[in-house]
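> Sequence:
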Amino acid sequence: RQKYILQKATEVERKRGMARDVYLKPTYEDDLEEVIEVLKNLEEGARVVCVLNAKKETGYLFAHPLIEINRYMRGRGIEVINIANLDPNVGLKKVREDARNILREYKMRNIDIDYITGGLDEYPITGERVVDILREVEGDLVVVSGVPHAVPIEEIGGNSVTVGISDGPRLYHPIKEIYHYSVIELDAHAKVLGKRKVVKSRFGEILSLISGR
693 RQKYILQKAT
703 EVERKRGMAR
713 DVYLKPTYED
723 DLEEVIEVLK
733 NLEEGARVVC
743 VLNAKKETGY
753 LFAHPLIEIN
763 RYMRGRGIEV
773 INIANLDPNV
783 GLKKVREDAR
793 NILREYKMRN
803 IDIDYITGGL
813 DEYPITGERV
823 VDILREVEGD
833 LVVVSGVPHA
843 VPIEEIGGNS
853 VTVGISDGPR
863 LYHPIKEIYH
873 YSVIELDAHA
883 KVLGKRKVVK
893 SRFGEILSLI
903 SGR
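Each residue of the sequence shown is one higher than the last, beginning at 693 in our numbering.
Among the hints, a few may not be true.
As the list claims (entries may be wrong) - Restraint-style ranges between C-beta atoms, simulated for each label pair: (1) Arg-792 <-> Glu-721: 22 to 28 Å; (2) Arg-862 <-> Lys-786: 37 to 43 Å; (3) Pro-861 <-> Lys-732: 33 to 39 Å.
To be verified - With a cut-off of at most 16 Å between alpha-carbon atoms, the simulated EDC-like pairs for lysine to aspartate or glutamate come out as follows: (4) Lys-868 <-> Glu-721; (5) Lys-717 <-> Glu-869; (6) Lys-717 <-> Glu-820; (7) Lys-892 <-> Glu-869; (8) Lys-748 <-> Glu-869; (9) Lys-889 <-> Glu-820; (10) Lys-707 <-> Glu-869; (11) Lys-887 <-> Glu-771; (12) Lys-732 <-> Glu-771; (13) Lys-732 <-> Asp-879; (14) Lys-889 <-> Glu-797; (15) Lys-700 <-> Glu-820; (16) Lys-892 <-> Asp-879.
The set of hints was computed from the structure by calculation and includes no laboratory data. From the three backbone atoms N, C-alpha and C, an ideal C-beta is built for every residue, glycine too.
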């Protein structure tokens, strides 16, 4: 199982991520401001889909933008559907514990996970399942946080606006090629080192600030 997942992870990065043959110019400018405007301009009756597709313990950081989106939309009466690779029964002990910890943080904030796609180490193989769910629920806005390029978002069809949130300035362009908007968090691995609780993200903190919390 571990070998298969590693092969798939390598494949994702080689085809859609940082290990492609082309030079990926790093950029510290992203689409965060535009995404905030998209969130602000959603109208009553809209449906937002938050997808956590995170790699292992980086889930502690990449869950934070989605938690803040839930909080913001709840205040405006807009429906949110949550999809996450947080199966607490899959993977090695540490992976399972991390999933349980993040699930607990969602529960503490009264946020329901509507669909579980797999474990925190299964991010390279959960993308197809995510796409199947997205086709079914038909969100107006879809936000994928963690390893968004592992989700073949271009296959969902429809008129959904798509946002990918990931780690590192070299991933901006690969994500922007397949999502409408690309948002970059910095130093995710360093920020989650040794953590057992959700860590604040740049995106989440700014959304929290503009929502007056």
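> Could you run down the list of hints and mark each one as holding or not?
Hint-by-hint comparison with the structure:
1. The hint said 22 to 28 Å for the Cβ distance between Arg-792 and Glu-721, and at roughly 37 Å that hint is violated.
2. Range check, Arg-862 to Lys-786: about 27 Å between beta-carbon atoms, so the 37 to 43 Å window is missed.
3. Between Pro-861 and Lys-732, the C-beta spacing of about 26 Å breaks the proposed range 33 to 39 Å.
4. Pair hint Lys-868 plus Glu-721 holds up; C-alpha atoms about 12 Å apart against a cutoff of 16 Å.
5. Restraint check for Lys-717 and Glu-869: satisfied, since their Cα atoms lie roughly 13 Å apart, inside the 16 Å limit.
6. A C-alpha spacing of about 28 Å is found between Lys-717 and Glu-820, which places the hinted pair above 16 Å, so the restraint is violated.
7. Under the criterion of a C-alpha separation no larger than 16 Å, the hint pairing Lys-892 with Glu-869 is inconsistent with the structure, at around 27 Å.
8. Between the alpha carbons of Lys-748 and Glu-869 the distance comes to roughly 25 Å, so the proposed pair goes past 16 Å and is violated.
9. The straight-line distance between the Cα atoms of Lys-889 and Glu-820 is roughly 28 Å, outside the 16 Å bound, and the hint therefore fails.
10. Between the alpha carbons of Lys-707 and Glu-869 the distance comes to roughly 12 Å, so the proposed pair stays at or under 16 Å and holds.
11. Distance restraint check for Lys-887 and Glu-771: the Cα-Cα separation of roughly 30 Å exceeds the 16 Å cut-off, and the hinted pair is therefore not satisfied.
12. This hinted pair checks out: Lys-732 and Glu-771 have alpha carbons roughly 14 Å apart, not beyond 16 Å.
13. Restraint check for Lys-732 and Asp-879: the C-alpha separation of about 27 Å exceeds 16 Å, so the hint is violated.
14. The straight-line distance between the Cα atoms of Lys-889 and Glu-797 is roughly 7 Å, inside the 16 Å bound, and the hint therefore holds.
15. For the proposed pair Lys-700 and Glu-820, the alpha carbon gap of about 13 Å is at most 16 Å, so the pair holds.
16. Taking the CA atoms of Lys-892 and Asp-879, the gap is near 12 Å; set against the 16 Å cutoff, the hint holds.
Against the hints set out earlier in the document, violations occur for numbers 1, 2, 3, 6, 7, 8, 9, 11, 13.
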